[in-house]
Each structure stands twice: as structure tokens, then as C-alpha cells.
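Use the sequences and the hints to build the structure in full.
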Amino acid sequence: KAGVTQTPRYLIKTRGQQVTLSCSPISGHRSVSWYQQTPGQGLQFLFEYFSETQRNKGNFPGRFSGRQFSNSRSEMNVSTLELGDSALYLCASSSGTGNQPQHFGDGTRLSIL
Amino acid sequence: QKEVEQNSGPLSVPEGAIASLNCTYSDRGSQSFFWYRQYSGKSPELIMFIYSNGDKEDGRFTAQLNKASQYVSLLIRDSQPSDSATYLCAVNIGSGGAQKLVFGQGTRLTINP
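Protein chains in written order, with the working numbering: chain A, 1 to 113; chain B, 1 to 113.
Watch out, some of these pointers could steer you wrong.
With a cut-off of at most 25 Å between alpha-carbon atoms, the simulated DMTMM-like pairs for lysine to aspartate or glutamate come out as follows [to be verified]:
| no. | chain 1 | residue 1 | chain 2 | residue 2 |
| --- | --- | --- | --- | --- |
| 1 | B | Lys56 | B | Glu45 |
| 2 | A | Lys57 | B | Glu5 |
| 3 | B | Lys67 | B | Glu5 |
| 4 | B | Lys67 | B | Asp55 |
| 5 | B | Lys56 | B | Glu15 |
| 6 | B | Lys42 | A | Glu75 |
| 7 | B | Lys100 | B | Asp55 |
| 8 | B | Lys42 | A | Asp106 |
| 9 | A | Lys57 | B | Asp27 |
| 10 | A | Lys57 | B | Glu3 |
| 11 | B | Lys67 | B | Glu57 |
| 12 | A | Lys13 | A | Asp106 |
| 13 | B | Lys100 | A | Asp106 |
| 14 | B | Lys100 | A | Glu52 |
| 15 | B | Lys56 | B | Asp78 |
| 16 | B | Lys100 | A | Glu75 |
| 17 | B | Lys42 | B | Glu15 |
| 18 | A | Lys57 | B | Glu45 |
Source of the hints: derived by calculation from the structure; they are not laboratory data.
Dropping the structure here:
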């Protein structure tokens, strides 16, 4: 079974630009969660989508948004990029029912110049 | 108080010994608990998950949960150099099947040959 696939693996942007990251979950998984990982703050929850609906949201500004499509693939968008948005962005998928564990993709490394 | 706390380490253990990793959490309503291993430059990899009080064993790994004390631990028996990594404790604070993982800062483990 293929794992969670994130594209692109690396991105370099400048301040003020926007970026869209993509995540394809494990086949059959309906829940997709996004996390930001930085050396200072660790792994922080951004949001979770299940059946095309945002089910949970973390404490990030509105510049961070996401969506999920009918095939469970998800995208995350960050607008008006800031230097502090430089991070590893991780996507994780699970069946979304009960307390099933999440499995992570390889992440997208975003660098803001 | 942070929601999930771990000793950041580094924790140094000789090869063949037992490594003990600890985690405390603040949300008494949490129902599911996870341990992830993260090698440098890689994404987190699920090692164990536990939902009920007591011990859960999988090969060389044992997860222990004590909900009354709000304490989760991971034991690694017969530690190998390949176990050297950062271990992340995660607690699901979502409700009704929703998933919102809160991570500790991670414990860096080094196994010395």
C-alpha cells in the first residue's frame, strides 16, 4: 500500500508570496491532518479535514488555510508568506474513525527568503 | 503548563540496555496516545499507540499508560544503535472521533555501541 505522498518536497519562496502544498493520503484514509514543524516550536497542529470538512483547527492565523477534495486529497495554502513560515510542513492521514493512528508523509520543506 | 511534556534529553543508553522514555499530558479527557520516532531529516514514523491503561507490547517496544497519573511511557528493550533518534509523544485531544494530535518536544535518544 502506498504511503502518504506530499508534493513538492522542497519550496523556496519570498516574503509576501503565497504557496500551495499538496497531500495524497493512504488509499482508504478519509482524514488528513496538517502540521508545522520548526526547531523552536516543534510539531504543531494546523488543521484536520475529514470528508471534505474541516473538523479541527489549531492556533494559526487565517493566512493558513486548507481544503479537501472528494478523493480525500488535501491542499494547504499559506498566503502573504512571512520569514517565520519557514518550516517543514507535514501531512498525516488516518481512517478518521475512532482513535486510529495517523501516518505521516515525507513533508514539504518550505524556505522563505 | 504545556499540554504534553517530555524530557528533551539527550538520553544516552548503552547498546543492549533498556531505554525508558516518559511523557506527561494535561488533558484528562484524552483517549489515545502515540509514540513516533523521527530520524534526523526524516518525518515521524509511528512506533506504538495505546488507548487503555496498562502495558502494550510490540516486539522490543512496550508502551505504558496510566490515565490516573496522566503518564505515558515507552520502553525499548535490547536497544540498538539504529534506535538512536528523537522520540515524540503525541496525545489526541480531539473529541467524537476528530483528531487533533498535540506533540511533546521530543526526547533525543542515543544508543552507544
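To see whether the hints hold, each was checked on the structure:
Between B:Lys56 and B:Glu45 the CA atoms are separated by roughly 18 Å; this keeps the pair inside 25 Å, and the hint holds. About 21 Å separates the Cα atoms of A:Lys57 and B:Glu5, which keeps this hinted pair within 25 Å; it holds. Of the supplied pair hints, the one linking B:Lys67 and B:Glu5 holds, its CA atoms being roughly 15 Å apart against a limit of 25 Å. A distance of roughly 12 Å separates the Cα atoms of B:Lys67 and B:Asp55; the hinted pair therefore holds under the 25 Å criterion.
The hinted pair formed by B:Lys56 and B:Glu15 meets the criterion: a straight-line CA distance of about 23 Å does not exceed 25 Å. The hinted pair formed by B:Lys42 and A:Glu75 meets the criterion: a straight-line CA distance of about 21 Å does not exceed 25 Å. The suggested pairing of B:Lys100 with B:Asp55 holds, with an alpha-carbon distance near 24 Å, which does not exceed 25 Å. With a C-alpha separation of about 7 Å, the suggested pairing of B:Lys42 with A:Asp106 holds against the 25 Å cut-off.
A C-alpha spacing of about 17 Å is found between A:Lys57 and B:Asp27, which places the hinted pair at or below 25 Å, so the restraint holds. The hinted pair formed by A:Lys57 and B:Glu3 meets the criterion: a straight-line CA distance of about 16 Å does not exceed 25 Å. Taking the CA atoms of B:Lys67 and B:Glu57, the gap is about 18 Å. The hint holds against a cut of 25 Å. Distance restraint check for A:Lys13 and A:Asp106: the Cα-Cα separation of roughly 20 Å lies within the 25 Å cut-off, and the hinted pair is therefore satisfied.
At most 25 Å may separate the alpha-carbon atoms for a hinted pair to count; B:Lys100 and A:Asp106 meet this at roughly 19 Å. Annotation: proposed proximity of B:Lys100 to A:Glu52 holds, straight-line Cα distance about 16 Å (limit 25 Å). Restraint check for B:Lys56 and B:Asp78: the C-alpha separation of about 17 Å stays at or below 25 Å, so the hint holds. Distance restraint check for B:Lys100 and A:Glu75: the Cα-Cα separation of roughly 18 Å lies within the 25 Å cut-off, and the hinted pair is therefore satisfied.
For the given pair, B:Lys42 sits about 23 Å from B:Glu15 by alpha-carbon distance, which is consistent with the 25 Å threshold. For the proposed pair A:Lys57 and B:Glu45, the alpha carbon gap of about 23 Å is at most 25 Å, so the pair holds.
In summary, this structure violates none of the numbered hints.
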